[in-house]
Amino acid sequence: MTDYGHDLLFGAFITPVAQPAMQPVEHAIAAEEAGLDLVSFQDHPYQATYHDTWTLLSYIASRTERIRLSGNVLNLPLRDPAVLARSLATLDNLSGGRIELGIGAGGFWDAIAGMGGRRLSAGQSVEALEEAIELIRTVWGTQSRNSAGFAGNYYRVDGVRRGPAPAHDIGIWIGSYGPRMLRLTGRHGDGWLPSLPYLKGGPSDLTEMNRYIDDGARKAGREPSDIRRMLNIGGQIASNSGGFLNGPPEQWIDDLAGLNRDYGISGFILMADDPGLIELYAGEIAPAVRERVAAERGVSSP
Amino acid sequence: MITTTSIAPDRASVRASQADDLGYDLALLQHDSVHADSADIWTLGSWIAGQTDQLQLAVTVADIPRRLPSVLARSVISLDLLSGGRMNLILGENNLSVDAVGSVIEIVRGMMDLSERKALSTGGYFPLRGVKRGPIPAHDVPIWINGAGPEILQLAGQKADSWLAPYQNMRLEDLRIANQFIDQAATDAGRDPREIRRSIVVSGMISDASDTFLQGTTRQWVDDLLPFVLQGGVGTVLLDTSDVDTIDAFAREVVPALQEAIERERPVDSSATRIRRADVRAKRYAGIEYDAVPASLRDSATEPGDVTYPAVRSTYIRAGSPGIVLQARTTAEVVDALAFARRHPDLPLSVRSAGHGISGRSTNQGGIVIDLSQMNEIQVIDEASRVVRLGPGARWMDVAAALQPYGWGLSSGDYGGVGVGGLATAGGIGWLSRKHGLTIDHLKAVDMVLADGSTVRASAEENQDLFWAVRGAGANFGIVVSFEFEAYEVGNIGFGQFVIDAGDTAGFLEKWGATIEASPRDLTSFLIMGPPRRNQPMAAQVLTVVASDDPDTIVDRLQPVANVGPLYNQQVMIMPYAALMANTQGSYHDPGGEPAARSGLIEYITPEFARAAEHLIKSGTVYFFQIRSVGGAVSDVPPDATAYANRSANFSVTAFGPDPERVNQAWDELAVHFNGLYLSFETDQRPERLEDAFPGETLHRLQELKAKWDPENVFRDNFNLTPNVTSG
Ligand SMILES: Cc1cc2nc3c(=O)[nH]c(=O)nc-3n(C[C@H](O)[C@H](O)[C@H](O)COP(=O)(O)OP(=O)(O)OC[C@H]3O[C@@H](n4cnc5c(N)ncnc54)[C@H](O)[C@@H]3O)c2cc1C
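First to last, the sequence lines map onto chains A and B. Letter 32 of the first sequence, counting from 1, is numbered 32 in the working numbering, and no numbers are missing. Letter 521 of the second sequence, counting from 1, is numbered 521 in the working numbering, and no numbers are missing.
Fair warning: there could be bad hints in the mix.
Unchecked claim - Label pairs and their in silico Cβ distance ranges: (1) A:Ala-165 <-> B:Tyr-406: 48 to 54 Å; (2) A:Gly-35 <-> B:Val-14: 26 to 32 Å; (3) B:Gln-51 <-> A:Thr-15: 21 to 27 Å; (4) A:Asp-254 <-> B:Ala-119: 45 to 51 Å; (5) B:Leu-22 <-> A:Arg-222: 42 to 48 Å; (6) B:Ala-119 <-> A:Gly-35: 38 to 44 Å; (7) B:Ser-17 <-> A:Gly-97: 17 to 23 Å; (8) B:Tyr-167 <-> A:Arg-222: 48 to 54 Å; (9) A:Ala-295 <-> B:Arg-117: 54 to 60 Å; (10) A:Met-22 <-> B:Ala-671: 42 to 48 Å; (11) A:Gly-178 <-> B:Gln-571: 38 to 44 Å.
Treat the hints as calculated values from the structure; they're not laboratory data. What you are looking at is a predicted structure, and each value in this text was computed from that prediction instead of being measured. Even for Gly, the Cβ is constructed at its ideal location relative to N, Cα and C.
One chain only, chain A, in its complex shape (with noise of 0.2 Å):
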């Protein structure tokens, strides 16, 4: 048992395609009017048939009124870190407050050093995303004070400018896998945000990440249950069970109560290009979801 007490939220990971170009945004409008909390994308700007993510992304703020958008993650290698946080305190204050970042060390380098972008190895990528997430701290003015400059290994601003200042405390989501990425996490993240399908093992292999994050928590002076712990999942309805998140509704909220349950994952961030899964699941699912959940909650805490 494992639960670190967030509330839970429900989300889509949509698929950034420039062809056909609003398709993404209906989508992310259907989530919103579905009753999702969040919509998030990926971001591979060497993918030549997606949209620009973080264009993508102010656009669909733009037209959506209430739903929370990320990256999911945003690739660390291709976007300057002062221009991130600019950038992200910007669409924060025009949107009322409803960006995180869902940021990630990256990986493709070979794409990434095509594409203009610095080729680092996986250690120096680690190191490289502690030091924009100090960076983008330092411009929203939420760490240290006086910010003459920023001299990291991998970034360096003179004079960084400060500000604007997010409308509200936006989280910073990374998306980790290895011991390294999952202790950094520990120590700097508000969220943590991987995929299912990357699991070897399966949701099992959470049991032991969660584990480095405590870890790399406990060690900075933080508390585990200061990060939040999200996945990305993808399954089918079905109306025979086939397994881990294919089968009938009921059977997707035993397992996603599970997921709360056995490894204190609070954000369930459904990985489909369908309007039709995305309404079920934010229609049916979701709430019952919810509803177990506190029902567990209220049993099981003291």
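Chain A is already provided as a structure; the job is to place chain B with the ligand on it using the hints.
What follows is chain B with the ligand alone, placed relative to chain A:
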């Protein structure tokens, strides 16, 4: 024409919306270097795109190289797509050398250039290696250059689409000097100086008191600005002020007065003409009078050098390279486009609605395409009689979705991306054929543009002969700009998908045919087979619609179909008809070559035909073999009632193969079994096919009507009837 520099982003957004409402053409977004708390301008621009409808956006990007040029290029394309082609990019020297700005332009243009299949690699300031190009933007995003030094002016002359004066209220003398630099550089680079639009920023106050430059009445503003336009070559005037009254008065009074003054002084308004860049013009085809494109179509026309050309050159099954694609949005524009096409009688002319033509060659090599995809209205005219008006460019999935809320439908075909224009002028063999007949059987009237540019209406009351011809051979007679249909009630349907063993292919086909014939009319079934695959049993995919939402009826109807052979897989769903049709997203077409398709209509799946079909399928000559049920209501209509006359058939047979010669040879062997063909699934152009499509008297009558309505054979891209071959 406002700059939103020193105001907060939320106010900038409000101001942009106001400008949009006031009819301003463009808003310029630019960093305020003084303000410490400065917002990210790209984010603001993307937000504003979502708040506005018409307003063009010119976004100044000043944070290169922090913002990588490659990522910027993708962002530019995205924002152009999301805003529906309203994006402009402004670059300047902000901590970049002039050469570096040149490199950024190269990257942005290179990323948009999908006519080049090779990945993008660049040297110079921002080396890229093997970057995939794309996506295709909504339009050729104009790149502006902002700056005053001789080098930047030279770059503007060489590469830019627009030049932006670097400071407010530039004096006319200074503007002329800048222009000289730009013009010289343009000419040296082989460009027409008019390719580069000149933009100035002005500031002032509109008031009654009239004294200094741009401080005064509307009159004075016009007097002050007019020389900039007439002598300074200015095409864009940007107003920079936070005075709300001035913003308002400028749009309402100064702009119209200025425009009027310009027209008075310069009767032919050449500034309105967009002059394509020299590198775009260089790709023009000989023999097309590009400069004679009617004004109404000039902005939306696509030429081989345009960035959007790769998105419109080809159709679903056919790669093409037309010399120009004219995008008509109204009947008047169709008339204009046709007049332009008729100036080029020797070039191929294609009429395109949604580009899914198989027989219809809605693209060509070197010719003209009239594209109707924007004429895609779907409108209920009369709810009581269920009359709906459809534009030719509407896709059938959108039609189904629009009719669903009324509980109505129209059987079309099996694919949602197919257009109204091509299908509703030919036949329409769809999911509800046996119950409701062909699509054309519910057509009540059409409005058409004829070869001579006149517009006529054809229906049971008016121009009956034309109305008869349009229903089956419409492509030969003109361009239908509007269709009126009487829809019928269609609710949820039952949809069965079976994969059935077809090892004994002939036996299976025969049994399936007999089963369908014995079924009530509310059942329509399509079967698909491919060539044998190694280590896999022969199987057929059988897709069957039952026009009922009653589970018992559906099971009742589907059971015999499921019994045709051992089932490998089965799925039965009850769904809205519109959901069945929503089977494609739709994006641009990029086919490799051009397959051969053949069609045959047949009354019964006889043992002889079944054996011949088995032979064909197993030969590997065709990769796709399909039989659809027709008959039922299709056969209720007398053969002479429409130009689609092959009414007795119970089945429509189709095959696709890569090699026309082999496909034709194989198909000719099957021919003895057929009784005509459905032209929409036929690519063979041998003259005998005309007789197959239009049996006996039908062909004679069509040829006579062709001589009457299109004597010069303007419309010839789809089963061409030659008007001179009149019957004796
Ligand atoms: C994937 C696919 C599935 C199909 N399924 C079916 C099916 O189930 N049932 C069926 O009946 N057919 C089907 N078809 C055939 C289809 O109906 C025809 O190819 C039809 O012409 C496509 O219409 P379009 O408007 O998309 O084509 P376009 O390529 O735009 O036009 C094809 C031709 O139609 C003529 N035309 C187009 N618009 C007009 C107009 N406004 N006025 C006069 N002539 C015009 C022109 O000659 C043009 O060359 C299918 C085709 C494809 C590619």
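Status of each hint after checking the structure:
1. Distance hint check for Ala-165 (chain A) and Tyr-406 (chain B): the Cβ-Cβ separation is about 51 Å, which falls inside the suggested range of 48 to 54 Å.
2. For Gly-35 (chain A) and Val-14 (chain B), the Cβ-Cβ distance of about 29 Å falls inside the hinted range of 26 to 32 Å, so the restraint holds.
3. About 25 Å separates the C-beta atoms of Gln-51 (chain B) and Thr-15 (chain A), a value consistent with the hinted range of 21 to 27 Å.
4. Distance hint for Asp-254 (chain A) and Ala-119 (chain B): a CB-CB separation of about 47 Å, consistent with the stated range 45 to 51 Å.
5. Distance hint check for Leu-22 (chain B) and Arg-222 (chain A): the Cβ-Cβ separation is about 52 Å, which falls outside the suggested range of 42 to 48 Å.
6. For the pair Ala-119 (chain B) and Gly-35 (chain A), the supplied restraint of 38 to 44 Å holds, since their beta-carbon distance comes to about 42 Å.
7. A C-beta distance of roughly 21 Å is found between Ser-17 (chain B) and Gly-97 (chain A), which places it inside the suggested range of 17 to 23 Å.
8. For Tyr-167 (chain B) and Arg-222 (chain A), the Cβ-Cβ distance of about 51 Å falls inside the hinted range of 48 to 54 Å, so the restraint holds.
9. At roughly 58 Å, the beta carbons of Ala-295 (chain A) and Arg-117 (chain B) sit within the given window of 54 to 60 Å.
10. For the hinted restraint 42 to 48 Å between Met-22 (chain A) and Ala-671 (chain B), the CB-CB distance of approximately 46 Å keeps it satisfied.
11. Judged by the Cβ atoms, the range 38 to 44 Å given for Gly-178 (chain A) and Gln-571 (chain B) holds: they are separated by roughly 41 Å.
Checked against the numbered hints given earlier, this structure breaks only hint 5.
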